[in-house]
Amino acid sequence: MTDTAARVRELNLYRRYFDLVAAGEKSTEVRVKYPHLADLAAGDVIRFRIKGTDETCDVRVRQVTEYPDFEALLDGEGPANVNPTATREEQLANIRNIYPPEKEALGALAIKIELLAP
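Counting from 6, one number per residue, gives the positions in the sequence shown under my numbering.
Everything labelled a hint here was simulated from the structure, so no lab data went into it.
It is possible that some hints are incorrect.
Have a look at the derived ranges for each label pair, beta carbon to beta carbon [to be verified]:
(1) Pro106 - Glu60: 19 to 25 Å
(2) Pro123 - Pro73: 24 to 30 Å
(3) Leu111 - Val13: 20 to 26 Å
(4) Arg93 - Asp44: 17 to 23 Å
In silico PhoX-like links for lysine-lysine, alpha-carbon gap of 25 Å or less [unchecked claim]:
(5) Lys56 - Lys108
(6) Lys38 - Lys56
(7) Lys38 - Lys108
(8) Lys56 - Lys117
(9) Lys38 - Lys117
All of these numbers come straight from a predicted model, not from anything done at the bench.
Positions of the beta carbon are idealized from the N, C-alpha and C atoms, including for glycine.
Please take these sequences and the hints and turn them into a complete structure.
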(Lines of atoms letter the chains of each structure in order from A; the text may use other names.)
(Lines give C-alpha, C1' and ligand atoms only; values in the text may rest on other atoms or scores of the structure.)
Protein backbone atom coordinates (compact mmCIF):
# COMPACT_ATOMS: atom_id res chain seq x y z
CA MET A 6 0.00 0.00 0.00
CA THR A 7 1.61 3.24 -1.09
CA ASP A 8 -0.80 5.50 0.80
CA THR A 9 0.46 6.40 4.27
CA ALA A 10 -3.06 6.64 5.69
CA ALA A 11 -4.59 3.35 6.77
CA ARG A 12 -7.88 2.31 5.23
CA VAL A 13 -10.73 2.55 7.70
CA ARG A 14 -13.57 -0.01 7.51
CA GLU A 15 -16.76 0.46 9.49
CA LEU A 16 -18.33 -2.72 10.85
CA ASN A 17 -21.24 -3.20 13.23
CA LEU A 18 -20.74 -5.17 16.41
CA TYR A 19 -23.14 -6.44 19.06
CA ARG A 20 -22.85 -4.70 22.43
CA ARG A 21 -21.42 -7.73 24.29
CA TYR A 22 -18.58 -8.09 21.77
CA PHE A 23 -18.07 -4.33 21.44
CA ASP A 24 -17.52 -4.07 25.20
CA LEU A 25 -14.88 -6.83 25.08
CA VAL A 26 -13.06 -5.10 22.19
CA ALA A 27 -13.25 -1.66 23.84
CA ALA A 28 -11.83 -3.14 27.07
CA GLY A 29 -8.94 -4.75 25.16
CA GLU A 30 -10.08 -8.24 26.17
CA LYS A 31 -11.03 -9.55 22.71
CA SER A 32 -8.07 -9.96 20.37
CA THR A 33 -9.71 -11.87 17.50
CA GLU A 34 -12.86 -10.87 15.63
CA VAL A 35 -14.81 -13.49 13.66
CA ARG A 36 -16.43 -12.67 10.35
CA VAL A 37 -17.76 -14.54 7.36
CA LYS A 38 -15.58 -14.20 4.27
CA TYR A 39 -17.87 -11.78 2.47
CA PRO A 40 -16.53 -10.29 -0.79
CA HIS A 41 -16.27 -6.81 0.78
CA LEU A 42 -13.82 -8.20 3.35
CA ALA A 43 -11.68 -10.16 0.88
CA ASP A 44 -8.96 -7.48 0.76
CA LEU A 45 -8.87 -6.77 4.50
CA ALA A 46 -5.21 -6.78 5.49
CA ALA A 47 -2.77 -6.10 8.31
CA GLY A 48 -2.48 -2.38 8.93
CA ASP A 49 -6.10 -1.60 8.07
CA VAL A 50 -8.22 0.08 10.74
CA ILE A 51 -11.67 -1.18 11.67
CA ARG A 52 -14.08 1.20 13.32
CA PHE A 53 -16.54 -0.95 15.22
CA ARG A 54 -19.93 0.63 15.82
CA ILE A 55 -22.89 -0.49 17.86
CA LYS A 56 -25.67 -0.27 15.29
CA GLY A 57 -28.03 2.64 15.87
CA THR A 58 -25.64 4.47 18.21
CA ASP A 59 -22.70 6.86 17.98
CA GLU A 60 -20.52 4.48 20.04
CA THR A 61 -17.40 3.44 18.18
CA CYS A 62 -13.97 2.03 18.89
CA ASP A 63 -11.07 1.70 16.50
CA VAL A 64 -8.75 -1.26 16.16
CA ARG A 65 -5.80 -1.99 13.90
CA VAL A 66 -5.79 -5.27 12.00
CA ARG A 67 -2.68 -7.27 12.89
CA GLN A 68 -3.42 -10.37 10.81
CA VAL A 69 -6.23 -11.99 8.83
CA THR A 70 -6.45 -15.78 8.63
CA GLU A 71 -8.99 -17.71 6.58
CA TYR A 72 -10.62 -20.91 7.82
CA PRO A 73 -13.10 -23.28 6.15
CA ASP A 74 -15.60 -22.97 9.03
CA PHE A 75 -16.11 -21.65 12.55
CA GLU A 76 -15.00 -24.85 14.29
CA ALA A 77 -11.63 -24.76 12.54
CA LEU A 78 -11.32 -21.06 13.37
CA LEU A 79 -11.94 -21.58 17.09
CA ASP A 80 -9.51 -24.50 17.14
CA GLY A 81 -6.86 -22.51 15.27
CA GLU A 82 -7.17 -19.21 17.13
CA GLY A 83 -8.16 -20.40 20.60
CA PRO A 84 -11.60 -19.62 22.00
CA ALA A 85 -10.22 -17.31 24.72
CA ASN A 86 -8.93 -14.91 22.03
CA VAL A 87 -12.36 -14.72 20.40
CA ASN A 88 -14.40 -14.36 23.58
CA PRO A 89 -12.73 -14.82 26.97
CA THR A 90 -16.12 -14.96 28.72
CA ALA A 91 -17.61 -17.99 26.92
CA THR A 92 -16.71 -21.63 26.37
CA ARG A 93 -15.86 -22.94 22.92
CA GLU A 94 -19.28 -24.59 22.65
CA GLU A 95 -21.09 -21.40 23.69
CA GLN A 96 -19.10 -19.39 21.18
CA LEU A 97 -19.82 -21.81 18.37
CA ALA A 98 -23.55 -21.65 19.14
CA ASN A 99 -23.46 -17.83 19.36
CA ILE A 100 -21.54 -17.42 16.11
CA ARG A 101 -23.89 -19.79 14.29
CA ASN A 102 -26.84 -17.84 15.69
CA ILE A 103 -25.46 -14.78 13.93
CA TYR A 104 -24.38 -16.54 10.73
CA PRO A 105 -26.58 -19.31 9.25
CA PRO A 106 -25.00 -22.36 7.49
CA GLU A 107 -25.10 -20.78 4.02
CA LYS A 108 -23.01 -17.86 5.33
CA GLU A 109 -20.56 -20.14 7.14
CA ALA A 110 -20.11 -22.02 3.84
CA LEU A 111 -18.45 -18.86 2.44
CA GLY A 112 -15.55 -19.42 4.85
CA ALA A 113 -14.57 -17.78 8.11
CA LEU A 114 -12.09 -15.00 8.80
CA ALA A 115 -10.14 -14.64 12.04
CA ILE A 116 -9.16 -10.99 12.28
CA LYS A 117 -6.46 -10.39 14.91
CA ILE A 118 -6.90 -6.89 16.26
CA GLU A 119 -5.28 -4.42 18.61
CA LEU A 120 -7.20 -1.62 20.28
CA LEU A 121 -6.17 1.89 19.27
CA ALA A 122 -6.16 4.70 21.80
CA PRO A 123 -9.29 6.87 21.56
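Hint check:
Taking 19 to 25 Å as the suggested C-beta distance range, the pair proline 106 and glutamate 60 does not conform, at roughly 31 Å. The hint said 24 to 30 Å for the Cβ distance between proline 123 and proline 73, and at roughly 36 Å that hint is violated. At roughly 24 Å, the beta carbons of leucine 111 and valine 13 sit within the given window of 20 to 26 Å. Against the hinted window of 17 to 23 Å, the Cβ-Cβ separation of arginine 93 and aspartate 44 comes to about 30 Å, which falls outside the hint.
Restraint check for lysine 56 and lysine 108: satisfied, since their Cα atoms lie roughly 20 Å apart, inside the 25 Å limit. A threshold of 25 Å between alpha carbons decides the hint, and for lysine 38 with lysine 56 the separation of about 20 Å falls inside it, so the pair holds. Taken as a hint, the lysine 38 and lysine 108 pair is honoured in the structure, with Cα atoms around 8 Å apart against an allowance of 25 Å. Taking the CA atoms of lysine 56 and lysine 117, the gap is near 22 Å; set against the 25 Å cutoff, the hint holds.
For the hint pairing lysine 38 with lysine 117, the CA-to-CA distance comes to about 15 Å; that is within 25 Å, so the pair holds.
Violation of the numbered hints given earlier is confined to hints 1, 2, 4; the remaining hints are satisfied by the structure.
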